[in-house]
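2 protein chains.
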Amino acid sequence: MSKARGERKLPKRTYEARVPALREALVKLQIALKPAPFSVLLVIAGDDASGKGEVVNILNGWLDPRGVETFAFHDLTDEERERPPMWRYWRSLPPRGRMAIYSGGWHAEALATDPRNARELAHFEETLQHLTHFEGLLTADGALIVKVWLKLSKSAQRERLLALEEDPDTAWRVSPDDWKHHRDYERLSQLSKHMRRVTHRPAAPWHVVDAADPRARNVAVADIVLARFHAHLHALARPEKIKKPGRIVALRPAGLRRLRAFPLDQELSESDYEAKRDKWLGRLNRAVRSAGQQGRSVVWVFEGWDAAGKGGAIRRLTSAIDARDYRVIPVAKPTDEEKSHHYLWRFWRHIPRAGRVTIYDRSWYGRVLVERIEGFCRETEWRRAYDELNDFEEQLTAHGIIVLKFWLHLSKAEQLRRFRRREDTGYKRHKINDEDWRNRRQWSAYEIAIGDMLALTDRPNAPWHLIPADNKRFARLEILKISCQQIGAALEQV
Amino acid sequence: MSKARGERKLPKRTYEARVPALREALVKLQIALKPAPFSVLLVIAGDDASGKGEVVNILNGWLDPRGVETFAFHDLTDEERERPPMWRYWRSLPPRGRMAIYSGGWHAEALATDPRNARELAHFEETLQHLTHFEGLLTADGALIVKVWLKLSKSAQRERLLALEEDPDTAWRVSPDDWKHHRDYERLSQLSKHMRRVTHRPAAPWHVVDAADPRARNVAVADIVLARFHAHLHALARPEKIKKPGRIVALRPAGLRRLRAFPLDQELSESDYEAKRDKWLGRLNRAVRSAGQQGRSVVWVFEGWDAAGKGGAIRRLTSAIDARDYRVIPVAKPTDEEKSHHYLWRFWRHIPRAGRVTIYDRSWYGRVLVERIEGFCRETEWRRAYDELNDFEEQLTAHGIIVLKFWLHLSKAEQLRRFRRREDTGYKRHKINDEDWRNRRQWSAYEIAIGDMLALTDRPNAPWHLIPADNKRFARLEILKISCQQIGAALEQV
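Chains as they are written, first to last, in the numbering used here: chain A, 1 to 494; chain B, 1 to 494.
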């Protein structure tokens, strides 16, 4: 962590002489940012009465307000409360080329919990890990995160509070809580220092600024923003090229072995299927309703080979669920709004409210499948994605969301039969195109990527279910059964 | 309104023979819809126990769930409650090429208010007008709206309720309210009949379906959807071409006269400006804070000639407002998500929560300015836009939002001076491009369009304020003064 910055006292005249150049530099920053491939996140956090709001307002005055948005996270709305804690931060993220200022950042909410006992402290530590991970995700994606902590000594804080109380225009800003916090200065100071130490990372460091003199404070913050921005721009001047991937090599051969050893010769007659189907549909209906009544959401993830029958399986599944409770999200090319954000942003958008169901037809796993194989992202990007995906799902399940992941597995021969049948059947012809044939030629590359995915993202909280899909009826019934069992087990655990 | 459809009784065998063809036809509909330039909104409303949920579920089963989303509007979330009533419907609209099914539609919420006295009835009528207007907007934009009313006679309703109660699996669906409504059948029936009559329009008619026999009901609904869809597709086969506009002719010469007669020779010295500015900034700060405390939002709309100083005026304004309370929305080219919706959708998205401020740098008036002049939309489209914009603002102000609209007016000579200065000043050069020069050559066409806008959208609830902007200081002070006065007046009215 950098030491507290800011000169002791900045005379008014010196300040006023410096401001025009700072303003111009900040507006130029915004002009340079507009076409840049990253966003800027500026966190203004700090001790009570250190002037966070003033700094935020002054920066907004210096910047062109059309390229920046300011967020302060007050009480949770009910739409936020019904989703994992980080959802509200994800929805506030600016697209590339724009800047957001966070008054208090996501850190203020964590500090406000004011943990005392062991349980609260453990929860606090966990939250800090989430925040660090969140910032890590964003900086790895290129975002520039500038975190400023405005520091005030206990005596300076007292002076500031008294001065605020004296002026009738600002007296309302001092609450009894402020004085309570002031009396508790040492403890709270230790807590925030600990927070900064834990969430300090080379790519998202804390900049501590002495806030005793407001003018020196303002200039120091602007200087930090400018310095970090130019260093960031400079570092990006020679971006790592995306190379066409060479031969795909397995990271975890065990996954590939699991996939290849998986039997696909199951049989299920039409009559057996029909005898059992309705029973399982009924059970699924009851399972999803119980989950909903308990405010538990269900997220289904369907991945599988082209023509493996994802669409049909989803239809069977949804036939058991009240249409008013579910959404099916087909994951195709991202829209331009989605492209201008982190790749997980488009999935965070659709996280269901408490008690609702979202079914993803293809999913975030595209990152380690098609994007890996086609070279749509860099090797470093798909390599770190396994951890990112695990963490994403961890956040869902920690919030009580039941995550059910299915890989619909197909033999290469059966895929060929289905492709041919599609080409021959009039109203199915739209379902087959050149891309499907191209993917098929990459079969063994995909096998390796699927194997790695299974090995690296098969976790107790969100396990992969391999479904043999050469026999469609068998596959559909398996999915129904596993879904019922998994939902039932998840509801019993609590 | 069409008469109730649906055969008396459909034998199971006939039904099962018809379903496969219906399913195939519905899936083909979705394939044809995907590239089509419109969305499909299917409203399934009806009497209690008429099987709305069943129909919605059956249609979802017949359709490919990946191209359709179902909505039911339950209790308002607090994010919805803090915005005009239609906001929740706007946010649910599907993009072109997709379909949404609305269980109960927006009509169920209106009917649920169950108006009794004169005041409630007046409010109900007003709501129906809003709904009609909403549907009119969407159908004029090309959307296909299919509204189905499932009708059940009093005796059939009684039978259905008893049958539901008998089956332990469905007994929970019958509430005491259902029986209360049943006893009140005649009155509620009259109310919904009245609702259908008022909201019936050639482009969004009600289809009444006899729901006594579930099988006949399901088939009737599917038939209606298919017939309406094909008629719609057929009607769109020869879309009206967008013609390059000819000479722009004023609709309301009075507006043009007002614009041309507007004096631009105001003077304000630097010292006079500075003497007054801080006083007005302080007042504005207090005015916005009072509004916020009362849960009143403020929406600023800035329109004006290129280089008229919108950006500077917005900066001055925002310098008086806490950065955590406002957003500035620069309106440029729509994103592809925005393009796939009604042109007002992108503005509805950003409507502030209660007590917050949104500042639009350019706005929905682009429809009757640049889009009219450049021929980006059809003549019928910009001609009806005046009413649409008035209605949009009416909805905002009816919800208590304070709408402040400014036209920053400039002389042609002053614009030229500013363009030249921008070209000469290094860091301002990005602010001037070929488009600005092209717009300038269209000066008199713009004058006419601006005049029409002023004449047709200057309304007591959201008046236009013409600001003489040849002198930037004068303009900024005027904007501050008028904003204070208008906010003050709006707060006093309540």
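Just so you know, the hints here were simulated from the structure itself, not pulled from any lab data. Among the hints, a few may not be true.
Heads up, the list lumps identical chains together, so a pair's fine if it works in one copy or across two of them.
[Stated by the list, open to error] Think about it this way: if two alpha-carbon atoms lie no more than 25 Å apart in a straight line, the pair counts; the simulated DSS-like pairs of lysine-lysine are:
id : residue 1 : residue 2
1  : Lys-34    : Lys-339
2  : Lys-481   : Lys-34
3  : Lys-431   : Lys-34
4  : Lys-333   : Lys-28
5  : Lys-243   : Lys-339
6  : Lys-333   : Lys-34
Results of checking the hints against the structure:
1. Lys-34 to Lys-339: For Lys-34 and Lys-339, the Cα distance is within 25 Å both inside one copy (15 Å) and across copies (21 Å).
2. Lys-481 to Lys-34: Neither way: Lys-481 and Lys-34 sit 51 Å apart in one copy and 33 Å across, limit 25 Å.
3. Lys-431 to Lys-34: Classified as between: cross-chain Cα gap 13 Å, same-chain 39 Å, threshold 25 Å.
4. Lys-333 to Lys-28: Intra 34 Å, inter 22 Å, cutoff 25 Å: inter-copy only.
5. Lys-243 to Lys-339: Result: close within a single copy only, 20 Å intra versus 33 Å inter.
6. Lys-333 to Lys-34: both (24 Å within a copy, 15 Å between copies)
When the structure is compared with the earlier hints, a violation turns up for hint 2 alone.
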